[in-house]
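Letter by letter, the chains look like this.
2 protein chains.
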Amino acid sequence: MSVVTEIESLNQEFYAAIEGADLDRMEEIWADDTGDRVAMCVHPGWSMLTGRRAIMRSYALIMANTPYIQFVLTDVWTCVVGDVAVVSCAENILTAGDEGETGFVAGKVVATNTFVLTPRGWKLWIHHGSPVLQGEEDDEDGQEVV
Amino acid sequence: MSVVTEIESLNQEFYAAIEGADLDRMEEIWADDTGDRVAMCVHPGWSMLTGRRAIMRSYALIMANTPYIQFVLTDVWTCVVGDVAVVSCAENILTAGDEGETGFVAGKVVATNTFVLTPRGWKLWIHHGSPVLQGEEDDEDGQEVV
Chain A
1 MSVVTEIESL NQEFYAAIEG ADLDRMEEIW ADDTGDRVAM CVHPGWSMLT GRRAIMRSYA
61 LIMANTPYIQ FVLTDVWTCV VGDVAVVSCA ENILTAGDEG ETGFVAGKVV ATNTFVLTPR
121 GWKLWIHHGS PVLQGEEDDE DGQEVV
Chain B
1 MSVVTEIESL NQEFYAAIEG ADLDRMEEIW ADDTGDRVAM CVHPGWSMLT GRRAIMRSYA
61 LIMANTPYIQ FVLTDVWTCV VGDVAVVSCA ENILTAGDEG ETGFVAGKVV ATNTFVLTPR
121 GWKLWIHHGS PVLQGEEDDE DGQEVV
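Protein chains in written order, with the numbering used here: chain A, 1 to 146; chain B, 1 to 146.
So that you can see chain A by itself, here it is in the shape it has in the complex (with noise of 0.2 Å):
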């Protein structure tokens, strides 16, 4: 298995833990902190955290208050630079509404998510997704790779 197949395979694992709702696979596909390196994750329109507790915190959280959530991944595109390797994506994210709505609320969040070669194999280091909320001309634009 090239290392692309293998950081893009633990690409769909994050989405799959937070679909699942799965807070010990999450925990299994982070990175631990170092004196060095130390965890980041934003989610979209939060602040930055860092470290590994504030950001467990933050996903049991967040699963605790999703009771449906679904993400299609689009423009998956993976660089490898020695021990760290980037995936940017678009989460195309499909969600339940409000307790009382029938309907689901679709919304499109950019990511990029940072892996890095640990002991224990590679893990995710750094997670930052932010909302796209400008329209589609500026998707075409981003596309165009020169």
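One or more hints might be untrue.
Using 27 Å as the maximum straight-line C-alpha spacing, the simulated BS3-like pairs for lysine-lysine come out as follows [as the list claims (entries may be wrong)]:
#, chain 1, residue 1, chain 2, residue 2
1, A, Lys-108, B, Lys-108
2, B, Lys-108, B, Lys-123
3, A, Lys-123, A, Lys-108
4, A, Lys-123, B, Lys-123
None of these hints come from the bench; they were simulated from the model.
Please read these numbers as outputs of a predicted model, since none were measured by experiment.
Mind docking chain B on chain A? Use the hints.
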């Protein structure tokens, strides 16, 4: 000069280039695209831009449409892993109001800036900036390092 000092100085340069609307300086700061590694940029609320050309064009557009902008960086946090370094920071932004208005507009963006060691020295590989839409209680959580 330590690597962390060098990277944080380069990070400041990046924001100074925007403040000074200096596209040549910006060209110098960003890494070249290679076969394996492509420059990536997410402006707050935008989709992903990939590749130097699309990114430089976006900065030309931003600079042309920004009469005044000033960045005050807080919560600067730098991690180095081999030939990759990540600076996380909060961008406290002051911009001029629309034409005809007199005041300034303040905003807050959280950024992860990923630098890579190239034959031309450390260069900016990925900029991901996202709007902070939530209140300060999240900020405190984010500053807790465990």
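Tested hints:
1. A:Lys-108 x B:Lys-108: holds, 21 Å
2. B:Lys-108 x B:Lys-123: holds, 25 Å
3. A:Lys-123 x A:Lys-108: holds, 25 Å
4. A:Lys-123 x B:Lys-123: Holds, at roughly 24 Å.
The structure fails none of the hints (numbered hints given earlier).
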